[in-house]
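Colleague: Use the sequences and the hints to build the structure in full.
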Amino acid sequence: MKKKSMVLVVTVMMLFSVVAAACSSGNGGNTEGGNAGSGASGGANNAAGGEEKTQEKATFTIFNGAGAAKDVNTNETTIGKLLEDQTGVNFKLENLVGDLNTKIGTMIASNKYPDAAIDEVLGAGAFIDLTDLIEQHGPNIKRVYGPYFNQMKAEDGKIYFLPFSNVVGEYNPDPNINQGAFWVQRRVLKEAGYPQIKTMDEYFKLIEDYVAKHPDEDLTGFVSLTHDWRFFATTNPPMHLMGYPNDGEVTVDMNTFEAKTYSASDATKRWLQKLSELNAKGLFDKASFVDNYDQYLAKLTSGKVLGFFDYGWQIGNAQNVLKDAAKKDPAKDDFVYFPLPVTFDGEKDQYLDPPGFVKNRGIGITVSAKDPARIVQYFDNLLKEENQILKSWGIKGETYEVDENGRFYRTAEQIAKIDEAFREEFGFKYYDWNWPNYGTNSTLADGNAYAPGLQPEVFQMSLTEADKTILDKYGVRTYAELFAAPDERPWFPAWGIPKEQGSEPQMYETKKTELTRKYFPKLVLASPAEFESVWAEYMGEFGKLDTAGYEKFMTDEIKKLVEQAK
Amino acid sequence: MENNTAGIPATGAIAKKPAGMARFFKLLLQQRALVVMSVPFLIWLFIFKYMPMWGWTIAFQKYKPALGFWEQEWAGLTHFRFLFEDERFIRVLRNTLAMSGINLVLGFVTAIALALLLNEVRKVMFKRVVQTVSYLPHFISWVVAAGIIQSTLSPDGIINELLMKAGFIKEGVLFLGIPEYFWTIFGAGTVWKDVGWNTIVYLAAMTMIDPAQYEAAEMDGAGRFKRMWHITLPGIKPVIVVLLIMNIGYLMESGFEPQYLLGNGMNVDYSENLDIFVLKYGIAQSNFSLSIAAGMFKTVVSFILLFVANNVSKRLGEARLY
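In order, the protein sequences belong to chains A and B. At position 323 of the first sequence (counting the first as 1) the number is 323 in our numbering, and the numbers step up by one without a gap. At position 177 of the second sequence (counting the first as 1) the number is 177 in our numbering, and the numbers step up by one without a gap.
Any given hint could turn out to be false.
[Claimed, not checked] DSS-like mimics (lysine-lysine), calculated; alpha carbons at most 25 Å apart, straight line:
(1) B:K280 - A:K512
(2) A:K103 - B:K49
(3) B:K226 - A:K512
(4) A:K499 - A:K544
(5) A:K57 - A:K81
(6) A:K417 - A:K468
(7) A:K299 - B:K170
(8) B:K49 - A:K518
(9) A:K103 - B:K64
(10) A:K304 - B:K165
(11) A:K281 - A:K260
(12) A:K299 - A:K332
(13) A:K198 - A:K544
(14) A:K348 - A:K269
(15) B:K170 - A:K153
(16) A:K544 - B:K280
(17) A:K332 - A:K205
(18) B:K62 - B:K49
(19) A:K304 - B:K170
(20) A:K57 - A:K269
(21) A:K274 - A:K158
(22) A:K511 - A:K473
(23) A:K511 - B:K49
(24) A:K153 - A:K142
(25) B:K170 - A:K511
(26) A:K57 - A:K499
(27) A:K158 - B:K62
(28) A:K103 - B:K298
(29) A:K112 - B:K280
(30) B:K237 - A:K158
(31) A:K103 - B:K62
Calculated directly from the structure, the hints in this document are not laboratory data. Note that this is a predicted model, so its numbers are computed, not measured.
Modeller: Okay, structure coming up:
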């Protein structure tokens with residue numbers, strides 16, 4: 001028996017080694033090809049791509065756990081094609097289908113990963129250390145990420161992935177609202193004569209009045225996003241209403257750096273009580289608590305929903321549809337949402353993100369990657385200033401122009417041309433984010449904004465007449481000007497503080513989320529008379545969690561970050 | 001089944017009966033074609049059913065995916081303790097058993113009833129149409145089915161509209177927001193989705209019944225219901241019993257998709273089953289050991305259930321699995 005099983009083991013091992021040998025020899029060939037190729041493309045610019053010696057083409061896969069686009073090959077896009085001409089590398093972008101954790105579980109179980117992946121969940125040994133690869137193949141990676149290397153290192157001192165929000169050059173604020181805000185349909189403001197809305201009560205009064213005046217339109221006063229991990233859109237508002245930026249589960253004191261959770265605080269109580277009142281008046285959409293993200297977006301685009309709280313990046317799909325419709329038919333501008341800096345009692349708002357470096361999410365190369373060096377070379381090539389301009393601004397004369405002062409701008413035709421379909425075809429959409437890149441708020445060496453949307457010339461051009469009118473009514477030039485400037489918070493964002501998988505703080509967050517997920521609907525749907533008793537029940541359950549331990553963990557981490565930044 | 005067919009030529013061919021091993025090898029030689037044919041399936045069984053059991057060791061480790069087996073940290077029974085000591089566990093177990101119980105009972109009753117009725121239908125066209133329509137939902141994925149159920153039950157969905165038109169309620173009810181309704185919704189949804197599909201096997205069993213029995217019964221003056229009761233049902237009893245035993249083995253599996261897709265914060269007390277619990281506290285936390293521990297628990301319970309059900313059936317002199 002024993003002998004037999006030994007034979008079996010040996011046979012199996014031999015099989016494996018044959019496969020491994022085949023793989024590694026293939027790798028060797030590829031690496032050489034890759035090296036030769038990158039040597040040739042070192043000084044090449046975009047146009048010279050075609051003249052290069054043909055090199056072996058390679059296709060790698062990138063898995064994106066948070067993407068909602070369709071799967072695509074980068075070389076099917078204009079940008080991707082140019083980059084392929086430079087490097088010979090094509091990427092197959094795979095987006096998540098189904099549940100993220102199931103998918104990742106499958107990957108881990110089978111030990112088969114895509115070549116590169118975006119997400120920190122895969123950190124558990126699936127990513128390779130990039131330090132040496134960057135040293136060998138990444139002069140541009142060093143230039144762009146150099147100042148952040150210390151912060152990017154994992155506890156073991158290795159760099160496993162490249163984050164996305166590293167600012168290169170001057171910090172350039174975003175004129176649009178991609179962050180949190182209380183949004184309201186423009187027609188509501190128009191009818192009320194563009195009042196200044198600063199407090200929570202003013203905001204909901206505005207909505208209530210509008211619904212009261214239009215009883216036959218089947219309007220919904222307020223909806224809230226609760227689906228799956230996006231539930232924070234319902235739990236975060238108390239933090240913002242108190243005048244804090246989005247630090248996740250905690251608010252951080254500016255002087256003592258103490259982190260405090262707020263899920264069971266008076267602020268949350270006040271917020272939920274308000275929603276409960278709205279619900280009693282029939283202004284709150286009950287289905288908020290059962291709808292999924294798609295249904296929520298569909299409601300926003302229906303034009304029937306007057307207001308909601310959410311983050312700009314999360315409603316982009318809906319807002320873009322509304323804006324496109326408004327471009328074609330100015331009357332539809334009424335349905336476009338306008339962001340308002342609402343706080344409980346008119347405190348200074350902190351909706352805009354302070355400059356921060358999100359380091360718990362990035363793109364890494366997995367242990368299954370066929371040829372890590374070639375991928376790193378591609379990343380390095382992508383990080384060249386001219387390629388960053390290509391992926392962000394596009395091609396001179398086609399998607400942007402340069403005036404006599406060297407300022408980049410876009411003509412009205414170019415702006416009209418760059419709609420969602422064009423963004424897909426050209427590749428802006430696929431290269432927009434989730435690649436090693438300059439952070440959105442970066443400035444190019446020549447002083448132009450890295451992101452076209454942040455270039456004042458482009459922003460002004462992107463506004464419709466109606467946009468200009470409403471901004472004018474509020475006496476501002478950009479949406480961001482409606483909001484207070486962000487105070488400096490070196491730890492920001494606190495939600496980006498890495499927590500070990502399965503650790504106490506992470507368990508706390510899971511349990512806390514589960515608890516709020518269960519009680520928030522109860523509280524909001526409770527009649528105002530029952531509210532207090534449900535709240536007491538919630539407090540009782542909440543008391544069982546180790547909140548003090550979690551707050552201590554967060555406070556310690558934040559103090560460390562404050563020290564690091566000094 | 002396989003044994004029987006294999007045995008027939010063998011018994012005929014053997015004249016004298018050598019005892020013990022000699023007989024075994026002789027038989028083996030005679031039936032070598034059959035043996036060779038079954039080898040691929042044994043290999044399949046081994047690779048896909050027995051080899052993965054090696055993974056059970058993970059349940060006793062503090063498992064980290066990238067490390068080799070010998071580098072893992074052993075954790076003893078920690079994960080089992082976490083599982084059984086968690087206050088949610090009882091609730092989750094209750095939901096699992098309740099929902100699979102509902103599935104089992106409703107699934108059997110509705111499928112057998114529909115099969116009996118279909119069997120009595122004499123118009124072939126009508127029968128075919130009913131059959132096709134009833135098993136179409138089986139081919140819809142749960143994601144889509146859940147979407148349909150969600151919009152049907154939403155406050156402005158068709159059910160609320162009907163109830164409001166009929167004057168039973170004044171404003172839309174958030175059906176999926178009422179925890180106690182969840183099992184009903186789940187049961188109804190599963191029946192709608194699977195009843196047609198489940199009838200197929202019974203209908204097939206019914207075609208095996210000798211028509212002469214029906215004729216004889218008719219001569220004796222048995223009506224339709226009598227014939228159903230005394231001929232059709234006993235005729236398909238072995239199939240029912242075998243399916244029942246197998247399904248009892250699946251009692252710990254109450255499904256995952258419907259609960260995951262239809263569940264939300266409000267009905268979590270009734271919708272969260274073992275699988276979802278494992279997803280939340282095992283896989284989502286990258287705590288694979290806990291997931292495996294829960295899986296082991298499920299397997300062991302299922303095994304016991306199957307064993308008991310089979311034994312009971314044996315005692316009662318009914319059909320059985322082995």
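Colleague: Work down the list of hints and note, for each, if the structure agrees.
Modeller: Outcome of the hint check:
1. Distance check on the hinted pair: K280 (chain B) and K512 (chain A) sit about 13 Å apart at the alpha-carbon level, within 25 Å; holds.
2. At roughly 22 Å between alpha-carbon atoms, K103 (chain A) and K49 (chain B) fall within 25 Å of each other, so this suggested pair holds.
3. For the hint linking K226 (chain B) to K512 (chain A), the alpha-carbon distance of about 60 Å lies beyond 25 Å, and the restraint is violated.
4. Of the supplied pair hints, the one linking K499 (chain A) and K544 (chain A) holds, its CA atoms being roughly 21 Å apart against a limit of 25 Å.
5. For the hint linking K57 (chain A) to K81 (chain A), the alpha-carbon distance of about 12 Å falls within 25 Å, and the restraint holds.
6. Between K417 (chain A) and K468 (chain A), the direct Cα distance comes to roughly 21 Å. Compliance with the 25 Å bound is thereby established for this hinted pair.
7. Distance restraint check for K299 (chain A) and K170 (chain B): the Cα-Cα separation of roughly 23 Å lies within the 25 Å cut-off, and the hinted pair is therefore satisfied.
8. Distance check on the hinted pair: K49 (chain B) and K518 (chain A) sit about 38 Å apart at the alpha-carbon level, beyond 25 Å; violated.
9. Taking the CA atoms of K103 (chain A) and K64 (chain B), the gap is near 17 Å; set against the 25 Å cutoff, the hint holds.
10. Annotation: proposed proximity of K304 (chain A) to K165 (chain B) holds, straight-line Cα distance about 23 Å (limit 25 Å).
11. As the CA atoms of K281 (chain A) and K260 (chain A) are separated by approximately 33 Å, the hinted pair breaks the 25 Å bound.
12. With a C-alpha separation of about 16 Å, the suggested pairing of K299 (chain A) with K332 (chain A) holds against the 25 Å cut-off.
13. Taken as a hint, the K198 (chain A) and K544 (chain A) pair is broken in the structure, with Cα atoms around 36 Å apart against an allowance of 25 Å.
14. Proximity of K348 (chain A) to K269 (chain A) is assessed by CA-CA distance (about 20 Å); at most 25 Å being required, the pair is judged to hold.
15. A hinted pair counts as satisfied when its Cα atoms are at most 25 Å apart, and K170 (chain B) with K153 (chain A) does not qualify at roughly 60 Å.
16. A hinted pair counts as satisfied when its Cα atoms are at most 25 Å apart, and K544 (chain A) with K280 (chain B) qualifies at roughly 19 Å.
17. At most 25 Å may separate the alpha-carbon atoms for a hinted pair to count; K332 (chain A) and K205 (chain A) meet this at roughly 24 Å.
18. For the given pair, K62 (chain B) sits about 24 Å from K49 (chain B) by alpha-carbon distance, which is consistent with the 25 Å threshold.
19. Distance hint between K304 (chain A) and K170 (chain B) is fulfilled; the C-alpha atoms sit about 22 Å from each other, no more than 25 Å.
20. For the given pair, K57 (chain A) sits about 59 Å from K269 (chain A) by alpha-carbon distance, which is inconsistent with the 25 Å threshold.
21. A distance of roughly 48 Å separates the Cα atoms of K274 (chain A) and K158 (chain A); the hinted pair therefore is violated under the 25 Å criterion.
22. As the CA atoms of K511 (chain A) and K473 (chain A) are separated by approximately 45 Å, the hinted pair breaks the 25 Å bound.
23. Restraint check for K511 (chain A) and K49 (chain B): not satisfied, since their Cα atoms lie roughly 35 Å apart, outside the 25 Å limit.
24. Restraint check for K153 (chain A) and K142 (chain A): the C-alpha separation of about 14 Å stays at or below 25 Å, so the hint holds.
25. Only pairs whose Cα atoms come within 25 Å are accepted, and K170 (chain B) paired with K511 (chain A) is rejected, the gap being roughly 37 Å.
26. This hinted pair does not check out: K57 (chain A) and K499 (chain A) have alpha carbons roughly 39 Å apart, beyond 25 Å.
27. Restraint check: the Cα-Cα separation between K158 (chain A) and K62 (chain B) comes to about 23 Å, which is no more than 25 Å; the hinted pair holds.
28. Distance hint between K103 (chain A) and K298 (chain B) is fulfilled; the C-alpha atoms sit about 22 Å from each other, no more than 25 Å.
29. Distance check on the hinted pair: K112 (chain A) and K280 (chain B) sit about 23 Å apart at the alpha-carbon level, within 25 Å; holds.
30. A distance of roughly 65 Å separates the Cα atoms of K237 (chain B) and K158 (chain A); the hinted pair therefore is violated under the 25 Å criterion.
31. The suggested pairing of K103 (chain A) with K62 (chain B) holds, with an alpha-carbon distance near 21 Å, which does not exceed 25 Å.
Checked against the numbered hints listed earlier, the structure breaks hints 3, 8, 11, 13, 15, 20, 21, 22, 23, 25, 26 and 30; every other hint is satisfied.
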